Amino acid sequence: MIPNLLAARAQMGTSLIFHIIFSVLGVGLPLMLCIAEGLALWKKDATWLALSRQWTKAFAILFAIGAVSGAIVEFELSLLWPTWTQFSGSIIGLPFALEGFAFFIEGIFLGIYLYGAKRLTPTVHWLTSFPIWISGLTSAWFVTSANSWMNSPAGFQIVHGHVVGVNPFEAILNPSTPYETTHMILACYVATGFGAAAVYATGMLRGKRDDYHRKGLLLGMLLGVIAIPLQIVSGDFNARFLETSQPTKYAAMEGVLQSGNGKPLYLGGIVDPQTGKVYYAIEIPHGESLIAHFDLNSYTRGLDSFPANQRPEMAALVHLAFDGMVGSGFFILLVGAVFWFLYLRRKRVVPEQKWMLWASILAGPLAFLALELGWMVTEEGRQPWVIYNVLLTKDAVNPAQWMNVSFLIFSCIYIVLGATLVVLLLRLARRPKPPQTWSEMVTTERSSKKLEEVSAS
631 MIPNLLAARA QMGTSLIFHI IFSVLGVGLP LMLCIAEGLA LWKKDATWLA
681 LSRQWTKAFA ILFAIGAVSG AIVEFELSLL WPTWTQFSGS IIGLPFALEG
731 FAFFIEGIFL GIYLYGAKRL TPTVHWLTSF PIWISGLTSA WFVTSANSWM
781 NSPAGFQIVH GHVVGVNPFE AILNPSTPYE TTHMILACYV ATGFGAAAVY
831 ATGMLRGKRD DYHRKGLLLG MLLGVIAIPL QIVSGDFNAR FLETSQPTKY
881 AAMEGVLQSG NGKPLYLGGI VDPQTGKVYY AIEIPHGESL IAHFDLNSYT
931 RGLDSFPANQ RPEMAALVHL AFDGMVGSGF FILLVGAVFW FLYLRRKRVV
981 PEQKWMLWAS ILAGPLAFLA LELGWMVTEE GRQPWVIYNV LLTKDAVNPA
1031 QWMNVSFLIF SCIYIVLGAT LVVLLLRLAR RPKPPQTWSE MVTTERSSKK
1081 LEEVSAS
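Here the sequence shown is numbered in this note's numbering, starting from 631 and rising by one per residue.
None of these hints come from the bench; they were simulated from the model. Misleading hints may appear alongside valid ones.
Claimed, not checked - Derived lysine-lysine pairs resembling DSS-like cross-links, with alpha carbons at most 27 Å apart:
1. Lys673 with Lys845
2. Lys977 with Lys674
3. Lys673 with Lys907
4. Lys748 with Lys687
5. Lys674 with Lys838
6. Lys907 with Lys687
7. Lys977 with Lys907
Keep in mind that this is a model prediction, so the values were computed, not measured.
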């Protein structure tokens, strides 16, 4: 039988790895369909309107399945970690409540947006998309602020083992919040933008070199290339903050096992805390000291300066995940920069070279991989604490039996949800393309509305 702690962590990790995909697309995709519909109204362009309608259908599917997976995560918080819930409920209950309000607002306006496509005027219909992407953005901010509180807990005091003096606003605006929320929201736009670009690059590589695929690729690349440099800069600020707020996490990220001056930068490699060495890495002398403090001989604390029971349990995984995230980020930045260089050089003609399309396809999954690796760094790097320096993960887990059975059941649920999502999206992608001119598009939608009115009467 799998130990409770391992089973609970595996189940929670599986749930979050799956659910975060919906969360990210729930932030980025509504913005893309809003922009596409705005361009359609401005330019009277049926292609942009067709893209907006297609993304709306995809988002509706993602929203429905994401709501199911999100509900599972909420149940798991109390099912797997009752001590954590009891301790933190009065402190960070507010951001979860506000996230719920934002989610409901998003759902309400999504219903209006879907139902009003053939009933509202084009401008009013477009305006109803704004609350959708704004609510999705707000929802992500509140949830991430709750997670940032776990990394730098604030807004409470502990007196005789009891939580007192709770200030929920101070908890929400804890020291980690500006760094973590900014980094996460930008990651949503990076992953959505490059993910969408990869879909349309795949179509173009298969011979679909039409205006529909070119514009889908173009808008995805635009969103991604705007967000990725900001994402990298925010990540740098975040890492500098972690060096002082969570020094054990920072040391594991950088593979700094021994404290000292002028520490090297390790690219890749296997961190071995037992021997105090990093094997198979590309070592850049004084590199870590330079990028961290702009000083070749600056001092950096290593994992050896902390008690063994306070260090990340999987330092090797944290280091590899961090390097994988950073490497993926710089690769997709390069892809985006080359794409727009070629686009502008060719006088605003979408690049169609095979190597460029292949690079665009690769950038899509790498953007999501970087997202997942980043969360692995955040969560594994905080171990052995579930609330940093306050509550140990082993003390927060549910002691009930059969946690491994729960892990198996929920894993099967996610397999079913994932398969359902893939089938629905593939069926959506194979639907016939809409009319190619603005007048045909408008006429088709008006005819559909009249047909519905006749059927209803």
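Hint check:
| no. | hint | result |
| --- | --- | --- |
| 1 | Lys673 with Lys845 | 13 Å, holds |
| 2 | Lys977 with Lys674 | 22 Å, holds |
| 3 | Lys673 with Lys907 | 60 Å, violated |
| 4 | Lys748 with Lys687 | 14 Å, holds |
| 5 | Lys674 with Lys838 | 23 Å, holds |
| 6 | Lys907 with Lys687 | 51 Å, violated |
| 7 | Lys977 with Lys907 | 52 Å, violated |
Violation of the numbered hints given earlier is confined to hints 3, 6 and 7; the remaining hints are satisfied by the structure.
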